[in-house]
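Take these sequences, add in the hints, and give me the full structure.
2 protein chains.
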Amino acid sequence: MAELSVLGKRLPKVNSWAHLTGSAKYADDLFLPRMLYGRLLRSTQAHARITKLDVSRALAHPGVVAIVTGPDMPETIGIMPSVQDETALAIDRVRYVGEPVAAIAAIDEDTAFEAMSLIDVEYDPLPPILTIEDALREDLPKIHEKSRRANIFKEVHLSFGDLDAGFASADHMRDDWFFFEGNTHAPIESHSAVASFEGDGKLTIWTCTQVPHYLHRELEKALGLPRAKIRVVATPSGGGFGGKSDPFAHEFAACLLSMRTKRPVKITLDREEVFYAHRGRHPVKMRIKTGVKQDGEITAVHFQSWLDGGAYSSYGIATTYYTGALMTVTYRIPAYKFDGVRVYTNKPPCGPKRGHGTTQPRYALECQLDKIAVDLGFDALEYRKRILQPANSRTVNELRITSMGLGQCLDELGAKTKYSERHGQLPRGKGVGIAGSAYISGAGLPIYWNEMPHSGATVKLDRGGGVTVYCGTAEIGQGSDNMLASVAAECLGVRPEDVHVVSGDTSLAPVDLGSYSSRVTFMAGNAVKDAAWKLREWLLDAASERLAIPRECLVPADRRITDLRDPEQFVTFDDAVVLAEAKHGTLSAAGSYRPPQGIGGGYKGAGVGPSPAYSFQASVAEVSVDLETGVVTVDRITTAHDCGRALSPANVEGQIEGSAYMGYGEIMGEEQVFRGGLHKKPSLLDYKIPTSLDTPELEAIIVETIDKEGPFGAKEAGEGPLNSVIPAIANAVYDAIGVRFDETPITADKVLAALGKRDNRGMPKDRIGPEGMGDGQEAANAALRRLSFTTEAREKKKANA
Amino acid sequence: MAELSVLGKRLPKVNSWAHLTGSAKYADDLFLPRMLYGRLLRSTQAHARITKLDVSRALAHPGVVAIVTGPDMPETIGIMPSVQDETALAIDRVRYVGEPVAAIAAIDEDTAFEAMSLIDVEYDPLPPILTIEDALREDLPKIHEKSRRANIFKEVHLSFGDLDAGFASADHMRDDWFFFEGNTHAPIESHSAVASFEGDGKLTIWTCTQVPHYLHRELEKALGLPRAKIRVVATPSGGGFGGKSDPFAHEFAACLLSMRTKRPVKITLDREEVFYAHRGRHPVKMRIKTGVKQDGEITAVHFQSWLDGGAYSSYGIATTYYTGALMTVTYRIPAYKFDGVRVYTNKPPCGPKRGHGTTQPRYALECQLDKIAVDLGFDALEYRKRILQPANSRTVNELRITSMGLGQCLDELGAKTKYSERHGQLPRGKGVGIAGSAYISGAGLPIYWNEMPHSGATVKLDRGGGVTVYCGTAEIGQGSDNMLASVAAECLGVRPEDVHVVSGDTSLAPVDLGSYSSRVTFMAGNAVKDAAWKLREWLLDAASERLAIPRECLVPADRRITDLRDPEQFVTFDDAVVLAEAKHGTLSAAGSYRPPQGIGGGYKGAGVGPSPAYSFQASVAEVSVDLETGVVTVDRITTAHDCGRALSPANVEGQIEGSAYMGYGEIMGEEQVFRGGLHKKPSLLDYKIPTSLDTPELEAIIVETIDKEGPFGAKEAGEGPLNSVIPAIANAVYDAIGVRFDETPITADKVLAALGKRDNRGMPKDRIGPEGMGDGQEAANAALRRLSFTTEAREKKKANA
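For the record, the sequence lines run as chains A and B. First residue of the first sequence: 6, per my numbering; consecutive thereafter. First residue of the second sequence: 6, per my numbering; consecutive thereafter.
Since the hints were made in silico from the structure, they are not lab data. Every residue, glycine too, gets a C-beta built ideally from N, C-alpha and C. Heads up, some of the hints might be wrong.
[To be verified] In silico EDC-like pairs for lysine to aspartate or glutamate, Cα to Cα no more than 16 angstroms straight-line:
| id | chain 1 | residue 1 | chain 2 | residue 2 |
| --- | --- | --- | --- | --- |
| 1 | B | 435 | B | 631 |
| 2 | A | 18 | B | 203 |
| 3 | B | 30 | A | 203 |
| 4 | B | 18 | B | 503 |
| 5 | B | 147 | B | 97 |
| 6 | A | 588 | B | 456 |
| 7 | B | 226 | A | 579 |
| 8 | B | 18 | A | 344 |
| 9 | B | 294 | B | 380 |
[To be verified] In silico negatives: residues of chain B with every beta carbon more than 12 angstroms from chain A:
| id | residue |
| --- | --- |
| 10 | 15 |
| 11 | 20 |
| 12 | 686 |
Take a look at the structure:
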């Protein structure tokens, strides 16, 4: 392939101007004639039967136009059809504080707000289930009647290789418990949707969704309106991070209220409601038992995870699998057993958040590896390099690894941060930590069935030289529109800013499954490349004929098709389009991408995990711990990321930095926590998301491995880097003060307690090592003991060095 | 082909709801944030040099944001690249009263209006040229320096067959002069455009244009902005009729003002300005010399036309050719000579109006035929039937006739109106008249070059069952969106209302040349059919495979693909889409239409006239003339129209009725007339367009001939029916009072004069038979004499009957 003319260059993002100038129109910026304003009445109870729901007083309130309640949309809805367990609005029963119960449309927001208090709703409370432990008890009420045992939503048990033999052959064993606290996405833009049901019986909804296609499907079901009559338009997104990839009550309600009133209806959540909408990071209790040989080679891993899923399923099936599936792709593991349990509790449903399901186990694994390195006296960076899963291999759970750049990431990090030279050598209170991680480039296995493309795209060329790309991707700030424009521009030899991108519109663009699981660059990128390449062939043919120059000597770039050997010989892009159009007719081509067969296991439950390609990352964190106040300051996070090829290097760096920032927030302060079912911090004043001023210096290192199946070699870039940041910080804190924090977040409170400067009430003892889980209690006690573990092993390593 | 499931049915128009409920957003309904309001300063002079143009005082006026003048857009622009003679705003010279000289953008309309008077403009007047006669004089100033002789814009001289021999063999000769007065489109919606130049350097213009593609091309030229950076969106049109098929000053000005101010700019013309924008029906002076045998067979025709084109070219080349080209397609003419001259005058430019160029000569020809029938004592209906050009033939000027339903039209009319029984038999003051006509289904010959498609379309199917059609056609109220939806629905077996139509958008849809010359159903319809048919094949394949039923037994209709032999055997459309998508990937196909080669003459100047198919019409008008007041009342117009196949019968009837209404207005009262260059009636108060209350009873008869090349057999339906109405009324007036009106409109004034009840000052003598045209004066005098011609021939016919 000739040199790339667009990809890999530091070009401006094609759609940044609108955001920079404030002219981007978010859903809440839309105002349609005769528009009504909607508001959701939400449950005040964590768990209760609805004994009365009378909207008559509210309906009579001047300015109220319509009210809908649960029974108006009786179908269950949700992202994964096989496990749908919620309705658009609660019917008969509420399962968390904040669950939507009714929706009001009124002439203005104030009126809708006033009318909320006029809805007569009465509850008969049920005992709320609020912890994983309680959810596992058989003697408490079921949140969902269809749960087969206790309040378990899903159990996964998978085993690969000979675990017993593995453990038997180990020279050294570790058995650690970890707890990862739940947290939420906290997007700057709160959720908003405008629905308009028009006189032609067609419904349009503009909403900041990450998954227009899935929403489309669920709207059909809930509203009883054929999909051909529904158009979903994904508006510019002021942050998604997975939090806008479920279909939401306000979306259904806005649509139904518009259908009822024949007027457009807007519903924008307020900040408190965004916390109830949630679908964020699951709290996960984890245990990892790992055997290693004296040389550090892993012999077996048994990983157990208990996920606190909140009141509904969301993507919970996928989350449960993900906690186990990707543990194997970074380091050689010859035997692996995974047990995962997701439970229901009476809290807002958890769902996917950046790093979906893999963040928590990666934290556990990388912290444990750090312990093993200490135990065995290895340099943690070198140790990881020694046990890497190789490129072009299969993991024990049958995942196909193509390109694999974690070794390069570690090398680059080492060179940049001098990790190995500094680790264990810094004064007390200063520390440096390292961790690796991996992520998928989209989920590879069937969403519908094997044969269905995951992404489709069409590309159209006009005789005026215009290029339009249509692809159902949702631009959620991650840069997908820029990616689509750049890939098309590269194929066709134009500039990205020449390309008109039509995305996130179910009527205008072919289906793309959505912006989740870091699938867009890989899958939609491949679809656009597929379409654009067909047109490229026609353009090259036309130019070859016109110039009488062999096709293989021609290259399209900078709006010309030029003879590689003689830059004076060229046809302009516009002329080539005109020539090709005369020959072929309208220049439009379709492209698709479906992942290849055979990229993952054939076993039951292999549906989540297999991806056509994996990204790899490693981070080094540098921290300072104030030994008097317990305050941990992260001074710098350096992250190296194998993204295959950086189609837009500046954008990849932005993703790495954004991920690192988010990981930093998760480990240092964020927590979605409850008291008796009530969210303790449903505001950005209390929820400890870092501001830009809190954020450490972030450094991004791009590692390219040119994946054979990625579009121009690209893989995932948006999620993976978060995963390595969190354990790197935890490991750095250990390096600074010799204390392991096997639970997140690492607050000053906990640090002080660990340093013996105060009691350990900051450590919720009951969370580490649950009762009722066999050998859990002992392990929990062990985990608690390790909090006061001193630096014996650290001394050992120094001696080895 | 199996029975059609959509086409030919009386289904609701898919896009009518928006117009019916008022929710359609016309260009003037658009309001963008920070939008400015523009206004054009127009010339007060018919012909002058601009000696001073100082905008400084206006620019200083509070609220004025920018002003642009002619030199800011120095490129010549216009619809036909070869003869462009105007600039977006006048430079140095003005050529008609109302010509745009400068454009102001201000914070509101009032401010822009105020600022107009603050622009200091001084003119040095030149003698205005206001008549065809003056335009032909060599001694008067040239309006355009590049005119080679006098103020002649274009001369066309074409001769086919042996004219002299034809005339020599004639038994009877007629040599008649006619004058067709100019008139204008008078759309309900005045022209409006909103332009927005955005931060990404891209310009979007929403405008009620009929020709988004041509406007796109001219904007590139005038603004110096690549077409790939310009998006033209044709807004719903409140009437076009040809009057919105030029690129207009306000469109260029709105764009440039937006580029200068970085704010959206709206310019909406007021009603007076719409009269200056014009581009309407040319006043044409005509002479037809026709030889006939005793049996009525035509032996030769010599047709001469002088077109008063106003100040600029517009579509004038086409108009000039059209006055001659289509004379031959209705009746056998073995020898034909055509001389056409279009001149410049200092009046608003004339252009295309419904029936473009063919309306005036058709009036002349059909009135003359009526005279010949009278002369020879023939029934005018039977006479026409006897001399019909046959189907599947070539005319003397080499036009290819495919289907030809004029005979059927005449038959149906005769049966319906009892024309032959009633003509000549009604009491004095009552009359019945008949005329035939024809029109093109789009111009067949190259706009760019032979190989270029005239229409392109893409069709996309979604796994949700959605169908989207993309086609650059402009929906101007003629029903093109409905046509696109219906053709796609027929091909795919869905309902028109299931289809999402994306039209009139140069970024979203493939190129269609525009909504003019009745080309859309034929050309865009064929393009959509081409695209949709490819998808139909895939769907049929998938269904055949699934059902194990041979493909040829399957038919798609009503969202199912069904076994013709057993309606219980079917695959739903949605399922077929899913199956086909799994097999082929994204379901999107492109289609194109370019007219076939060899449909017209190879001679120079054959560029206008040849069409892939011709529509045919005939009208019978019934009139009452008040012999005291001279008032002519048209009681009823019945029009039969051969549209090939009526894809949407109700829409075709609407077009026939609309055409008849418009023709009625043109013959009975409308005139775009001037006094010293000043428009005499630039308001709907004075311009005599009929209201719905004035309108006679209109009856439409659809005649189907199933053209072999039309989409599902369809041909033109929007323009042709106007042409036969006008001469039918004139012929009916003759039948009522025995007076020929060889000029339009037929006003009460003229009728009274003709009846001898007042002097003939209503008849502008100088217009019939121009000085300076050889034998013109004599003929003119003859024409004037014929005004007092009594019913000698009429008596003769009666004797024959």
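Outcome of the hint check:
Between residue 435(B) and residue 631(B) the CA atoms are separated by roughly 9 angstroms; this keeps the pair inside 16 angstroms, and the hint holds. Annotation: proposed proximity of residue 18(A) to residue 203(B) holds, straight-line Cα distance about 15 angstroms (limit 16 angstroms). Between the alpha carbons of residue 30(B) and residue 203(A) the distance comes to roughly 13 angstroms, so the proposed pair stays at or under 16 angstroms and holds. Restraint check for residue 18(B) and residue 503(B): satisfied, since their Cα atoms lie roughly 12 angstroms apart, inside the 16 angstroms limit.
About 15 angstroms separates the Cα atoms of residue 147(B) and residue 97(B), which keeps this hinted pair within 16 angstroms; it holds. For the hint linking residue 588(A) to residue 456(B), the alpha-carbon distance of about 7 angstroms falls within 16 angstroms, and the restraint holds. A hinted pair counts as satisfied when its Cα atoms are at most 16 angstroms apart, and residue 226(B) with residue 579(A) qualifies at roughly 15 angstroms. For the given pair, residue 18(B) sits about 59 angstroms from residue 344(A) by alpha-carbon distance, which is inconsistent with the 16 angstroms threshold.
Between residue 294(B) and residue 380(B) the alpha-carbon distance is near 14 angstroms, which keeps this suggested pair within the 16 angstroms criterion. With 12 angstroms as the threshold on Cβ separation, the claim that residue 15(B) sits away from chain A holds: the shortest Cβ distance comes to roughly 18 angstroms. Not every Cβ of chain A is farther than 12 angstroms from the Cβ of residue 20(B); the closest lies at roughly 7 angstroms, contradicting the non-interface assignment. Annotated as non-interface, residue 686(B) keeps its C-beta farther than 12 angstroms from every C-beta of chain A; the closest such distance is 36 angstroms.
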